[in-house]
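Chains as they are written, first to last, in our numbering: chain A, 1131 to 1277; chain B, 1131 to 1277; chain C, 88 to 164.
Everything labelled a hint here was simulated from the structure, so no lab data went into it. Quick caveat: nothing in here was measured; it's all calculated off a predicted structure. We treat Cβ as the ideally placed atom computed from N, Cα and C, and that holds for glycine. Please note that the accuracy of each hint is not assured.
[Unchecked claim] For lysine to any residue, the following SDA-like pairs were computed, each having C-alpha atoms within a straight-line distance of at most 25 Å:
#1 Lys-1265(B) with Gly-1217(A)
#2 Lys-1173(B) with Asn-139(C)
#3 Lys-1232(B) with Arg-1206(B)
#4 Lys-1138(B) with Asn-139(C)
[To be verified] Covered by chain A, per the in silico footprint, the following chain C stretches (three or more residues, Cβ under 8 Å):
#5 102-112
#6 124-134
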Amino acid sequence: MVEKNYMKVEFLSKSTNESFARVVVAAFASQLDPTIEELSDIKTAVSEAVTNAIIHGYEYNNDGIVIVEATIEGNRIEIIVEDKGKGIPDIKKAMEPFYTSKPDLERSGMGFTVMETFMDELIVESQLGKGTRVKMTKVFNSVVYKE
Amino acid sequence: MVEKNYMKVEFLSKSTNESFARVVVAAFASQLDPTIEELSDIKTAVSEAVTNAIIHGYEYNNDGIVIVEATIEGNRIEIIVEDKGKGIPDIKKAMEPFYTSKPDLERSGMGFTVMETFMDELIVESQLGKGTRVKMTKVFNSVVYKE
Amino acid sequence: AGEIKRFLRDDGIIKVSRSLKQTANKIKYAQEDLAKELGREPTIQEIAEELNIDKEEIAMALESTYQPDYLYDVIHH
Ligand SMILES: Nc1ncnc2c1ncn2[C@@H]1O[C@H](COP(=O)(O)OP(=O)(O)O)[C@@H](O)[C@H]1O
Ligand SMILES: Nc1ncnc2c1ncn2[C@@H]1O[C@H](COP(=O)(O)OP(=O)(O)O)[C@@H](O)[C@H]1O
Ligand SMILES: [Mg+2]
Ligand SMILES: [Mg+2]
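Make the full structure from the sequences, and use the hints.
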């Protein structure tokens, strides 16, 4: 039988909530009984996506809402990070390594690359003026799959 | 200016999510850096409310949704635990120490008393067949904030 | 008197931030010990059992020592 679980968390687009988002996802993912390293991969990816929502989606505006959803099914976790912010004009370009629209802020332009590296799958959807939705999935190999 | 923050989390009414809910609220509240004791009071109260939602509100049905909201304002935290379950027929009676509708399950009947003891304020609202909403507030005396 | 007060404040009223860092340290040692013992990386549950805390608590304590990954570090500095 596949154990299924679901959670959704919403919070204000304040940078103090980046750490909160990491803990929420890590605490939820801990039900899959990963190693510390697997947990840390997920945190890194979530951190990048949430930071993007706050600084690009809402441009440091503190009263936007960031939504993070997570679904566990078997040994697989799917994480969605969503904002209702300004959206991405060119997703393909945005996902290129080192591309950043804010070079002045010393952004590395490596956020999406990091998400791709640490997760197994990454899908980015965005609409100008409507917001952005980043879906990431990862399979935990440490999980002893019980029938 | 008083620092304000807000979060809302929804999750399935599975008992494995009780410790998840506790840590989510703790992670959010820990932004204020309270004492261990203050944080532990909150975790205990949240635990009781979430357990009630799962075992009484949804009667162990795994696909109900439990909602936990938390608002920080200055050194005060307000926590709402809500379910869309069966509701409480007589709130006054339900809140009496040692009253339980499930004595067969070795329930202590002390959940609401614990919430009242560990928090500064407790308000229970409920509608039969619609659900229950428990609102609790606490002031962290250890946390100094500037107005 | 000031010294006694400071002592009490330090010892009696422990802030969450400090306690989380202590737990994170214990997690690190437990992880190392278990890795030796098991010959592989321990899971969160195995560490949780060793320390007698919830695995969700481990997720929270680890955040107190959170550092972006190596790759991220190199890029940002
Ligand atoms: N949530 C978002 N909302 C709007 N724009 C975004 C969002 N996420 C990413 N972007 C755009 O994609 C670019 C690349 O993102 P990323 O790889 O994380 O690099 P960086 O954040 O360092 O700029 C950003 O510079 C920004 O223009
Ligand atoms: N969320 C809820 N939905 C429906 N009934 C509830 C809920 N919370 C509490 N109750 C009712 O109130 C009673 C007292 O609750 P509590 O003080 O926590 O004691 P216990 O959970 O041990 O029974 C419960 O036995 C139950 O009948
Ligand atoms: Mg980025
Ligand atoms: Mg109870």
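Each hint, compared with the structure:
A hinted pair counts as satisfied when its Cα atoms are at most 25 Å apart, and Lys-1265(B) with Gly-1217(A) does not qualify at roughly 36 Å. Our distance criterion of 25 Å between C-alpha atoms is met by Lys-1173(B) and Asn-139(C), whose separation comes to about 17 Å. Taken as a hint, the Lys-1232(B) and Arg-1206(B) pair is broken in the structure, with Cα atoms around 34 Å apart against an allowance of 25 Å. The hinted pair formed by Lys-1138(B) and Asn-139(C) fails the criterion: a straight-line CA distance of about 29 Å is larger than 25 Å.
Chain A is given as covering the region 102-112 of chain C, and this is violated because 0 residues of the stretch bring a CB closer than 8 Å to a CB of that chain, at least three being needed. Counting residues of the region 124-134 of chain C whose beta-carbon sits less than 8 Å from any beta-carbon of chain A gives 6, enough to reach three: the coverage restraint holds.
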